[in-house]
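Starting from the given sequences, assemble the full structure and let the hints guide the process.
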Amino acid sequence: MTTDLDQLRTDLLGAIDAAAGLEPLEAVRVHALGKQGAITGLLKTLGGMSPEARQEQGPRIHGLREAVTEALAARKAALEKAALDARLASETLDMTLPVDGVAAGSVHPVSQVMDELAEIFADLGFTVATGPEIEDDWHNFTALNIPETHPARAMHDTFYFPREADGSQKYLLRTHTSPVQIRTMMADKPPIRIIAPGRVYRSDSDATHTPMFHQIEGLVIDKGITLGHLKWTLETFLKAFFERDDIVLRLRPSYFPFTEPSAEVDVGFTWQNGKRVIGGDPRASENGGWMEVLGSGMVHRKVIEAAGLDPEEWQGFAFGTGVDRLAMLKYGMDDLRAFFDGDLRWLRHYGFSALDVPTLSGGVGA
Amino acid sequence: MKFTLSWLKEHLDTDASLTDIEEALTRVGLEVEGVENPGEKLNGFRVAKVLTAERHPQADKLQVLTVDTGAQVLQVVCGAPNARAGLVGVLGTPGAVVPANGMALKIAAVRGVESNGMMCSTRELELGDDHDGIIELPADAPVGAAFADYADLNDPVFDISITPNRQDCMGVRGIARDLAAAGLGTLKPLDAEPVAGEGAGPEVKIEAPEGCPAYYGQTVSGVTNGASPDWMQRRLKAIGQRPISALVDITNYVMIDLGRPLHVYDKAKLSGALTVRKARAGEQVLALNEKTYTLDETITVIADANGVHDIGGIMGGEDTGVSETTTDVVIECAFFDPDHIARAGQKLNLTSDARSRFERGVDPAFLEDGIAIATRLVLALCGGTASAVTRAGKLPHVGITTGYDPRLAETLGGLAVPAARQVEILESLGFTVQPLDGNGDPVDLDRGFDMLRVTAPSWRRDVDGPADLVEEVIRIAGIDNVPSTPLSRLPGVARPTATPEQKLERKLRRTAAARGLNEAVTWSFVSEAEAAPFGDGAWTLANPISEDMKVMRPSLLPGLLGAVERNLKRGAPSVRLFELGRRYLAEAERPTLGVLLAGAKRPRGWQGVKAQSFTAFDAKAEALALLEAAGAPVANLQVMGEAGDVWHPGQSATLRLGPKTVLAAFGMVHPSVLKAFDLDGDVAAVELYLDALPGKRGGTGFMRTAYTPPALQAVTRDFAFLVPDSLAAGDLVRAVKGADKAAIVDARLFDVFTGTGVPEGQKSLAIEITLQPGEKSFTDEALKAIADKVVAAAAKLGAALRG
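Residue numbers (the UniProt record's numbering), protein chains in the order written: chain A, 1 to 366; chain B, 1 to 803.
Calculated directly from the structure, the hints in this document are not laboratory data. All the pointers check out, no bait thrown in.
Derived list of chain B stretches under chain A, where covered just means 3 residues or more per stretch with a C-beta under 8 Å from a C-beta of chain A:
(1) 161-172
(2) 488-494
(3) 519-530
(4) 574-586
This structure is a prediction, so every number in the text was calculated from the model and none was measured. Even for Gly, the Cβ is constructed at its ideal location relative to N, Cα and C.
Below you can see the structure in the form of structure tokens.
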């Protein structure tokens, strides 16, 4: 009996090892453990044995059953693994083949810079105001202390719409964002801190001028505001915008009908690889110069009056600059006309990812 | 405004360097645009004498010269016909660069003969137009001297930009005054001794005092009008003015020197009294620029019995202008009203140096000095005898008097400047300053004053209040010295500032970019032809810069179609563009988002994919995604037709919130519109009307409505219906979805089929509905009841459940 069992164990384990596939292995299992199987048969004999014999044979037969069951499972796993490996090997693909690209969108530099400016000025407490581009003569000129015969009107190459029925020249395309100053002062109560970005128009077209471009206006109306606050605000804004601490400004007395005193603001730059890079003090550098970036001044009392405020009570400053120009200085484009051409190659090269959202914590440059 | 250093020094006694002057000009607000020394271009050009001149052995038209440079004798080949022994001219030595053509001179053989330089013509040195021969200098010109020194050309020319408020600096003297105030030297006194003439002055009648309130005239008889002297010609030429004759040059010189425009008439060509009057409508005058101008009553003119001889303050008339044969002249020094000049100049579209000064307002108190200086120059340069001065009309008063609190320099200008320094600055600029006590009585500055009474000089018409005085003080004290003062800020973190409209635009812009669209910025104006299919456009410019930029766009699509066309022409395989901007309607400017999809949606690929074009459904996908981002209730929108004529009639629609509110239009652009833009492929488009979008409702802050994901799993059921061909799938889906609002959470169409098994005129639509059980799972009865409702709802639209 013992010899029979040992022989059976040897035979079955040998058959399991030799099974070349899942089907032969199943045949071995049926042969051993199926209803008519050898081990099943042995197990059935246990019932007819004396208790002593059962005590002796029982563990041996059960041991055999367990050993064969384990061997079957192990062999099955091995065979399945081999089959899977073979299948996977047959599924090999050339991983250097290209994938379908997802179209990459972009945000226009002008929009990006406007978002950057809104972010910087939000931190200084400025809200963003807007106004119409088809503007009337009063808001664009008269209220800004530019009467009809003023020579400054000639400096604005204005686009006009046809005269009204009564012969008056009422509507035009705004030549600057300054009319938003008037609209804001008339609509809101001081203290006022706004920026007003937007499209403006001048009848001018050459290498550095386009008939449409973008400006941003700043206005602060409050009590006790001086030219010193203007200077600080511009310095702070430019430092934040260019993310440089070495921004050096030079104020030059100038003239705008709607500010008094007025100043043009130059910013120091250095030449680097044929490009002007903002920053540094040109007075201390062989390789630098001044570039005009802003027009500014203390809001003229006539303008404050025109907007219905009391100039004895309120004073403030205003400034304006070109958004396209700021973009060019920061990101290095050199042709303004390309901004408005819609060339995809340009838009992709100079544009920004949708996720390049300017934030104060992450920085306002990308 | 241009002037030379030597000219400036006529008025300013100074030792300051060129750089110091340049910096000071910019510092006080007279921005230097450039400083150029014409003498520098003439380095290496020397006065030289031709010793011998022989014919070139190889060339008839050339000569071989020996030239004495003072230091040596050089052999020079020369082609000028006037080159001859004994001539003193200008030699360019090797290394010198010829100003006219930038050529660097070197020792070279000319037709086999060595030449050590070049004898130059006026044109080669950019000193004139003459190129018929080489320059001939007087025989006593110092041989060997640098030509620039000899010719007095080492005189730097300043070019400064004058802001419109500073007419006083449209003359060299005004600039000198500012520089003196800025500490760069002393303003020299002006010699304006009146000329006590003989006999009556010219007869002048002012009939239009509002245009010309004052007119001074003086006659000079027996003049000789030749060329003006060298010093005057040199200065005029240095600043780009062409010398004409002594009399004309004098008027130009005085205008630039003192900012005082003058006019000189040939007295012999005048008939009767000079009359200052309004022009008559239709009256014509041939001006000195040889153009004829038709005038009207708003324009002030100077006329005589025969007609108009001067567009007052703007340009003189040709027929009474002076010539070489002029013997008697009338010198005009008048004051024209700035507003009248500005209007007349705008109306006639005529610019002149005189206009630009008069319209900014010349010094009315300078008529007396102006006529004296002009007459003295005429007498000195042209001889003759002067009459008495005729003074017609009344000089207007210019120069306000205002109370001024010197603390304003700090409270407005941000710069603390001691009162005494402020007084000094203002006085140096010609202001009169009187300190007053509390009662308004004059006191000394150092005895405690309450207020300053400041009177502006007659040449500072621009000054009209204390803020202007602050500007004067600050610009001389140094605006760059104003310290930066931080704006106050509220404690804590900066609050959000964007308006809902701004937030919406930002969200849409970045959603569009994230979806693979490239943002473009196109012109706000389009051509009439481009606007036409979009309903023309309500705003047409009266003075467009070109026909292509004439009409304010009524839609964002024309500008984008132009960009698409350019991109495709440049070989872009696929174009996905968007723009966020305004469309300009008769009643308002409306914020709009336009999207264009053109070219290949997908390129052909190795996975057996053929290149795909964009369809109207791509446009719909963009429209819905963008509307979703904008917070529109996308599930409730109706897809309706009537997108408009610019769209493919069968492949376009509008998305509406209710029947009237159109949030967007999308679809394929009509082929005839594409043709107008020179596009031949298909273009899909979206236009989103931001102003129509519903605003965010409710003021519940950040809190969301309460929600717990359902515990039980949703189940799906499929239905296939036979429907009439004409039934819109969307209507069926909507009906099915609404069949049991409590249970059906979604209905999704997944198949559209016509063909075998589907009767003619019908189609099969298959819809999968999703059912969400609540507390308990659906029973078989419940599911059957829902299915019945679905079938019943569909049946109302003529749909039959397929067997």
